[in-house]
Amino acid sequence: MTPPGARALFAGFFSVGMLGFGGVLPLARRMIVEERRWLSASEFTDLLALCQFMPGPNIVNFSVALGARFAGPAGSAAALSGLLAGPVAVVIGLGVLYTRFGALPVVAHAFVGLASAASGLVLATALNIAAPLRTRPKSMLVAGAAFAALALLRLPLLPVLLVLLPAGVLTAPRTRG
Amino acid sequence: MSGTLPALAGVFAGLSLMGVGGANAVLPEMQRQVVAHGWMDAEQFAALFALAQAAPGPNMLVVTLVGWRVGGIAGALVATAAFILPAGLLTYAAAGLWQRFRDAGWRSRVQAGLTAVTVGLVLAAAVVLCRTTAQNVPTVLVTAASAGALLFLRLHPLWLLAAGAALGAAGLLA
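Order-wise, the sequence lines are chains E and X.
For the first sequence, my numbering begins at 317 and goes up steadily by one.
For the second sequence, my numbering begins at 146 and goes up steadily by one.
It should be emphasised that the hints constitute simulated quantities derived from the structure, not laboratory data.
Since no wrong hints were added, every one of them can be taken at face value.
From the structure, some residues in chain X lie toward chain E, with a derived Cβ separation under 7 Å:
1) A168
2) A197
3) G202
4) V262
Glycine is no exception: its CB is placed at the ideal position from the N, C-alpha and C atoms.
Only chain E is shown next, with the shape it has when bound in the complex (with noise of 0.2 Å):
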């Protein structure tokens, strides 16, 4: 495999960016390890490990790590804006014909149902990364505290992850060997 170079890497992540209704990182490694065979399995497990790790959104870092290994800062610019230019611009658009139309009854009874609808999904979102804690109490119990602070008493972000970050790592289970 040749390296990627900065314009292949804005096309390949344009294609995903464009593509991914729902969730870009399936189609992303789809195309990345099957398709152009950028990066092996484990190789791209480690780098959305390194992704994961980061704050903001996975897959943005991960078009920045990809692009910075193949081209350097060039590759991590055409990698981040070939992901994001196509769905910025249709966001957009959907945005001026929501400030146009949206006033219209019909317009706006469907937001309500599109609105309720997509507060479902972030909810079997959440439901589904919470299954694998559940044999795993104390991190339950961060994870509990982090939903009180936030849900219930709507504290501030900041001073919740300050004290809940290092209790999550200092009672997170010891991996063996």
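We have chain E; now place chain X onto it with these hints.
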């Protein structure tokens, strides 16, 4: 109005660095700050979030829409850039170091700790959004049905959004 773009940049740069586990984790804080700045109310934020879900791409586009609503195209670009650059630069700087610690025991332990916090944050985001959109019994049923359909039937999210919008447009949720 002249202070709007710097204010947007400040808010979203801060959220970028607090986004442990991704963009959804900071939704409650984003809603809190956006409302506190007087840029919109919670219902308008939920509507923009829903609109962003209907677009392709990373699940952070509500940031672009908030910026656009507050400061037009310039606002959209400033908010988007402010939300991705701090975390992106951090990732760029860490990418080289990461390889070196591949087998370090603390790495998996720190990750497990972060995950626990992320779970709590995303659950909180779900509840805050659900509370905003739950206006009556029919809307609660739509939320529950879309969550259940994604979890158990593995339907594509776009179908669920379309179904919710169709039910609303048909006047069944008023």
